Amino acid sequence: MGARFLMYTLKRLGMAILTIFLVIMITFFTMHAIPSSPFSSEKAKSNATIAALEAKYGFDKPVGIQFLNYLKDVAVLDFGLSTAWVGSTVFGLIKSGFYYSAMIGLSAALIAIILGIILGAIAALTRGKWPDKIVQVVTTALVSVPSFVMATVLLLVISLQLKWLPSMGNQPGGMVLPIISLSLYPMAYITRLERSSMLDVLGQDYIRTARSKGLRRGKIIFKHALKNALSPVLTYAGPMLAYILTGSMVVENIFSVPGLGRLFVNSMLRTDYMMVMGVTIFLGILIVMMNFLTDVLYKVMDPRIDLR
Amino acid sequence: MDKPLKKNPLSLQLDPNLFQPATEEEKAQQIVTRESVSFMRDAMRRLRRNKISMACVVILVLMTLAAFVLPSFYPYTYAQQDVTAQYLAPMQYSQKELAKISQGISVFPHLMGTDSLGRDYACRVIYGTRISLLAGIVSAFIVVVIGIIYGAISGYFGGKVDMIMMRIVDVIYSLPDVLIVILLSVALKDAISASKNLFIMQVGAGLISIFIVFGLLYWVGMARQVRGQILSIKEQEYVLASKSIGASPARIIRKHMIPNCVSVIIITAAMQIPSAIFTESFLSFLGLGVSVPMPSLGSLASDARSGLVSYPYLLIWPALSIFLIVLSFNLLGNGLRDAFDPKLRS
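Listed in order, the protein sequences are those of chains A and B.
In terms of the numbering used here, the first sequence has 102 at position 102, counting the first letter as 1, and numbering is strictly consecutive.
In terms of the numbering used here, the second sequence has 429 at position 121, counting the first letter as 1, and numbering is strictly consecutive.
Hints listed in this document are in silico derivations from the structure and should not be mistaken for laboratory results.
Quantities reported herein were computed from a predicted structural model and do not represent experimental measurements.
Okay, the calculated beta carbon distance ranges per label pair:
{"hint": "1", "chain 1": "B", "residue 1": "F376", "chain 2": "A", "residue 2": "T89", "range": "46 to 54 Å"}
{"hint": "2", "chain 1": "B", "residue 1": "D478", "chain 2": "A", "residue 2": "G203", "range": "27 to 35 Å"}
{"hint": "3", "chain 1": "B", "residue 1": "M362", "chain 2": "A", "residue 2": "L71", "range": "52 to 60 Å"}
Derived lysine-lysine pairs resembling DSSO-like cross-links, with alpha carbons at most 30 Å apart:
{"hint": "4", "chain 1": "A", "residue 1": "K227", "chain 2": "A", "residue 2": "K133"}
{"hint": "5", "chain 1": "B", "residue 1": "K468", "chain 2": "A", "residue 2": "K299"}
{"hint": "6", "chain 1": "A", "residue 1": "K299", "chain 2": "A", "residue 2": "K223"}
{"hint": "7", "chain 1": "A", "residue 1": "K223", "chain 2": "A", "residue 2": "K213"}
{"hint": "8", "chain 1": "A", "residue 1": "K11", "chain 2": "A", "residue 2": "K72"}
{"hint": "9", "chain 1": "A", "residue 1": "K95", "chain 2": "A", "residue 2": "K61"}
{"hint": "10", "chain 1": "A", "residue 1": "K129", "chain 2": "A", "residue 2": "K213"}
{"hint": "11", "chain 1": "A", "residue 1": "K129", "chain 2": "B", "residue 2": "K359"}
{"hint": "12", "chain 1": "A", "residue 1": "K227", "chain 2": "A", "residue 2": "K299"}
{"hint": "13", "chain 1": "B", "residue 1": "K359", "chain 2": "A", "residue 2": "K133"}
{"hint": "14", "chain 1": "B", "residue 1": "K468", "chain 2": "A", "residue 2": "K11"}
{"hint": "15", "chain 1": "A", "residue 1": "K61", "chain 2": "A", "residue 2": "K72"}
For every residue, glycine included, the Cβ atom is placed at its ideal position computed from N, Cα and C.
Please model the entire structure based on the sequences and the hints provided.
What follows is the structure in structure tokens.
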């Protein structure tokens, strides 16, 4: 720890900042390579109008200058003006949608982590017996279902056929189904991770030592096995965030939740390129920072990991 | 020479008894009684014994055959509309078709019914399956080719070259890949709708951007695996041994490097396929994938939402199809890992 840990953290932070810069660059130049102007779907479409609009949004300057200006703006979280939702800033729209997405996403992540760890531990402790077999079959099936299939089937069965829960996100209890459909895949994934890492730990020498000195089974499981089996699960935090963010694009559309995912899809369909760029960069920064945090936390949790 | 030669215990000369001709019994020991089993055949034997994997292989072969052969014999096409035959239930006939049947003309039944435009749904599901399989297989191929070349160069040369190449891999690895797929398909969708190339228009922006992104980003996992493998093989004693008896570098690469990388390559490629299929169907669901009227399992599921209460079977078929494909590839991937890497098995 100490100086080496600080070096490691700084190195990772530098890497994260480089990645964020790359994300911004890729986003900017991809969107600027699109041949059509964002205003070609505008109703009053005289050349003078388009030229005036382009001047207003700064699209008439050379691409290099535009990129530098964009970088400067993004640094202060100014993603420009939306072209489809006239009069709104991109960041304002992101903020309004992010509230719902964060609520659904965090709940889904919490459910996935808690249930996943419990189920994984149960499966590992009953290895080869029926609870393990059931968990194995169910999780194998769950990781083979795409988020949109899961959400649509849940919508069909639970809210349209059985009428147990509302189908729209804005009704009371309407957030339950989006949360469930987002949490099932990461839950199954965490269960499998936790099961194999728990099995790994249970085979270690120090567990045998603990057992041979007569430690209670409960204490062995909670103090030794579970604690040490958690760090591999932590590595999944970054990919899980990416899954939940992209999954929310589908799930929010299906259940009509006014979140960031739905906003993103709508801005793609309405060719609002400022929005698409803004949301991509916003989500990109979230994912990269999450990966950075996981790397550092992983090191804190398991100091045996080699610092490079 | 009747009596055995006696060796002077102080003599440094070799014992002449060691140079006697072999007896018949000794010769018999040298005969190979069982054929030597190569690594590939050993792994295939282990795979064949795994019932779940074999069931997955059968399912995938059947689905592939159905998806690529059946459309050429099928009496309907995926774009053929019939306004009089909207939303037919499975095996149901429209008024017009019933009239034909009463005249004695045989009409092929709509096995899975028809959709909102009266298109035969079975045919559309078959085409959707084809797109999904294509996305998975072509992406895996791209990943294998780029990953092997990059990883092999990096591992083989080592040193500075390796360091620079692996830093590039680290940077690419940390990019949020799904976001870049979405971004590229938004950009490509626009470019493709302007292009006049019929093939590109049919395949669609989603599929092409997936291929591009797999070519740009997803190979890094494969490259890392191959590099690690090559690095460790380079240090193995058997490579040193074959070098010491004068084997050429080409022989070492052919006989030691490649066979020892095969298992890693097969396992990584098998794991790549479901993720490509997921991504393609996800993009098509969002409307960024294949262009209409070409169906994909994702776009079929998305279209099915409009009449979900009355026509739930429009959702069931594509959902079931994609579930079966991904499940089979996942289970087969596990089976391949067990068969090709027995050391990993706990």
